[in-house]
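These protein sequence lines map, in sequence, to chains Y and F. Residues in the first sequence are numbered from 1 upward in steps of one, following the numbering used here. Residues in the second sequence are numbered from 1 upward in steps of one, following the numbering used here.
Source of the hints: derived by calculation from the structure; they are not laboratory data. Any given hint could turn out to be false.
Put simply, identical chains are the same to the list, so a pair is met inside one copy or across any two.
Result set (DMTMM-like, lysine to aspartate or glutamate): computed pairs, CA atoms no more than 25 Å apart in a straight line [unchecked claim]:
{"no.": "1", "residue 1": "K213", "residue 2": "D36"}
{"no.": "2", "residue 1": "K196", "residue 2": "D256"}
{"no.": "3", "residue 1": "K196", "residue 2": "E183"}
{"no.": "4", "residue 1": "K211", "residue 2": "E248"}
{"no.": "5", "residue 1": "K196", "residue 2": "D75"}
{"no.": "6", "residue 1": "K211", "residue 2": "E54"}
Values in this document were obtained by computation on a predicted structure and should not be read as measured data.
Number of protein chains: 2
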Amino acid sequence: MRRVSKEKRPARKQTRSPAEVRLIPIPVPDEILPGDNLAENLLASLRRCRIRLEPGDIFVVKHKIVSKSEGRILDLAMVSPSPESFAWAQQYALDPRVIELALREARSVIRRQNGVLITETHHGFLCANSGVDVSNVDGGRHAVLLPENPDRSAANLRRAIQRRTGLSVPVIITDSFGRPWREGLTEFAIGIAGMKPLRDDRNRCDPHGYKLKASVEAVADELASAAGLVCGKLNRTPACIIRGFRYETGAGGVRDLLRPASSDLFR
Amino acid sequence: MRRVSKEKRPARKQTRSPAEVRLIPIPVPDEILPGDNLAENLLASLRRCRIRLEPGDIFVVKHKIVSKSEGRILDLAMVSPSPESFAWAQQYALDPRVIELALREARSVIRRQNGVLITETHHGFLCANSGVDVSNVDGGRHAVLLPENPDRSAANLRRAIQRRTGLSVPVIITDSFGRPWREGLTEFAIGIAGMKPLRDDRNRCDPHGYKLKASVEAVADELASAAGLVCGKLNRTPACIIRGFRYETGAGGVRDLLRPASSDLFR
Numbered sequence: 001m002r003r004v005s006k007e008k009r010p011a012r013k014q015t016r017s018p019a020e021v022r023l024i025p026i027p028v029p030d031e032i033l034p035g036d037n038l039a040e041n042l043l044a045s046l047r048r049c050r051i052r053l054e055p056g057d058i059f060v061v062k063h064k065i066v067s068k069s070e071g072r073i074l075d076l077a078m079v080s081p082s083p084e085s086f087a088w089a090q091q092y093a094l095d096p097r098v099i100e101l102a103l104r105e106a107r108s109v110i111r112r113q114n115g116v117l118i119t120e121t122h123h124g125f126l127c128a129n130s131g132v133d134v135s136n137v138d139g140g141r142h143a144v145l146l147p148e149n150p151d152r153s154a155a156n157l158r159r160a161i162q163r164r165t166g167l168s169v170p171v172i173i174t175d176s177f178g179r180p181w182r183e184g185l186t187e188f189a190i191g192i193a194g195m196k197p198l199r200d201d202r203n204r205c206d207p208h209g210y211k212l213k214a215s216v217e218a219v220a221d222e223l224a225s226a227a228g229l230v231c232g233k234l235n236r237t238p239a240c241i242i243r244g245f246r247y248e249t250g251a252g253g254v255r256d257l258l259r260p261a262s263s264d265l266f267r
Numbered sequence: 001m002r003r004v005s006k007e008k009r010p011a012r013k014q015t016r017s018p019a020e021v022r023l024i025p026i027p028v029p030d031e032i033l034p035g036d037n038l039a040e041n042l043l044a045s046l047r048r049c050r051i052r053l054e055p056g057d058i059f060v061v062k063h064k065i066v067s068k069s070e071g072r073i074l075d076l077a078m079v080s081p082s083p084e085s086f087a088w089a090q091q092y093a094l095d096p097r098v099i100e101l102a103l104r105e106a107r108s109v110i111r112r113q114n115g116v117l118i119t120e121t122h123h124g125f126l127c128a129n130s131g132v133d134v135s136n137v138d139g140g141r142h143a144v145l146l147p148e149n150p151d152r153s154a155a156n157l158r159r160a161i162q163r164r165t166g167l168s169v170p171v172i173i174t175d176s177f178g179r180p181w182r183e184g185l186t187e188f189a190i191g192i193a194g195m196k197p198l199r200d201d202r203n204r205c206d207p208h209g210y211k212l213k214a215s216v217e218a219v220a221d222e223l224a225s226a227a228g229l230v231c232g233k234l235n236r237t238p239a240c241i242i243r244g245f246r247y248e249t250g251a252g253g254v255r256d257l258l259r260p261a262s263s264d265l266f267r
C-alpha cells in the first residue's frame, strides 16, 4: 500500500458548511378512508403538531394513505384466486387471494421461487407481490393496491397543498421494497412531483479537480429512505416533512428512477 | 374497487408523536491522509462547528476518509493491468488500472457487460468495480480501495470516539452503490458498530391488530441514505451526525445486511 506523503496535504480551504436537514414526522391518527381529502387531513395534522409548512420543505407520504384515499382498497372476500395462484400460495402458506391480486397488478412475473413472488407492476416497479399489502388496513379483510399512477397522485397532492397554503412544495410518495443482494426493506420513491428525482453531478469537478464520471445520485430514493426513519408501520405516522434539503426543481417523475429492461443486467 | 364505508372509521387514538430526526453535517476541510487519527479529526470538526455530541447520536462516515486514514490508497502508476483487463477497459474507454484493481479486490465477477463491471468483493458486497474509486483523492493519480474490514473500522472509530468523549455512539461507514432495476446511486451501510442494522417488526401487530409478516427494515441502509442527503462528493462533507433516531443497541455488523447467495434470486 503506497502512502501519500504528509507534505502533500492540501491547504485547508474555506467551504460553506452544508445545511442541517430535518425529518419532521406528521402523525395521522385518523384512519384515511376512500374519498377523504388527503391534503386537508395532512395539513390538519401539521396544525395539531404546530408545524408550519415552509418554503423549501419536501412532503414525503407513504403510499398506503394515498391508495386508501383514492379507494385502491379491495375486499379480499371478493377475490377468487385462480387454481394456479391457489396451488402456489398453498405450498408456502401464503394468502392465495393476495397472490391473485399481485398477478393481476403485474405486467410480468420476474421470479416466483421459494415462496417469493417478484413482479414488474404495470407502473414498471420491480417488487414483491406487486406492492399488494394487507398490513395497516383493517386487520386482514381488505388489501391495498399501489396508486394507479403515483406521479399523478403526487402532483394532485402537491396542487392541493399549494391551493391551501400558497406554498409549492415537492411531494414524494413511497413504498417499502426489498432489494436484490441485501436483507431488509427500505423505502423507495414510487411517485414524485415538483423536483428532479436524480442529481447528476457527472462532469462536475471534485475539490481535487477530478471530473466525476458516475455520480448520478437518486436523491428521491434517499429522501424516501430518510423518511422511513420517522414514518413507520406501527406508529400511525405515514408522512413527514423533510426540511433543509436543497432539491433541484424541474419536471421529473418516477420513470427517471426506473432502469429500462434493455440496460438492466439483473432481471 | 370496493369502498370501505365511512361509518367504519375507527375512533382516533392518542399515540405518542415520533421524534424529529436531524441530519447534522460534519464538514472536514482538511484532506485526510494515511495514518491520520480520524476520530480526532472528526471531533475537531465538530468543535469548529460548535456541535456537541449527544447520547443517542449516530455517527455516519463515508468510507473514503476511513480508507484514506487506513492507507488503503494505491498509486495507479504502480498498477500493471493484465492483458485481459486492458482489452476490456479499452473497449469502453475505461482506466484499465482501475479495472485491474477491481478484479484484485473481487471474490467473483457477477457481470461484465456494456462497460459495467459488477463484482462481489472479498467482504461480500455486490457493487461496481469492487468499490475502487479515484474521485475525491488527488485528481486521478491514486485510487482508494474499500476498508479491509469495514465493521472493524467502524468499531475502531466508535472506541476512539468513546475514549475522547465518554459517549458510546454507533458508527456507520457508507459507500454509494448502484442498484439493480433503479437508476442512480444511493448510500449503503458497509460497516456498522454499536447498533443492530435491521429492525425486525415481524410478529408485531399494526394498529389494526394485524400481525406483520415481512417487516424487517434495513435501518442501517436507511441511515446511510439519509446521510447521503447532507454528505457529498463536492462539498467536503464526508460525515454527519444523525440525532433523534431510536436505534436498537446490540451486536451486529454489515453481514446482517448481506443476503447469502443461496437465498438470493438475482445474481
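Hint by hint, here is what the structure shows:
1. Taking the closest pair of Cα atoms, K213 and D36 never come within 25 Å of each other, the shortest separation being 46 Å inside a single copy and 28 Å across copies.
2. Proximity of K196 to D256 under the C-alpha cut-off of 25 Å is restricted to the intra-copy arrangement: shortest distance 9 Å within a copy versus 33 Å between copies.
3. Only between protomers do K196 and E183 lie at most 25 Å apart by alpha-carbon distance; the minimum there is 13 Å, versus 28 Å within a single protomer.
4. For the homomeric pair K211 and E248, the shortest alpha-carbon distance inside one copy (21 Å) is at most 25 Å, but the shortest distance between copies (40 Å) is not.
5. In this assembly of identical chains, K196 and D75 lie within 25 Å of each other by CA distance neither inside one copy nor across copies; the values are 36 Å within and 37 Å between.
6. In this assembly of identical chains, the alpha carbons of K211 and E54 never lie at most 25 Å apart, being 35 Å within a copy and 37 Å across copies at closest.
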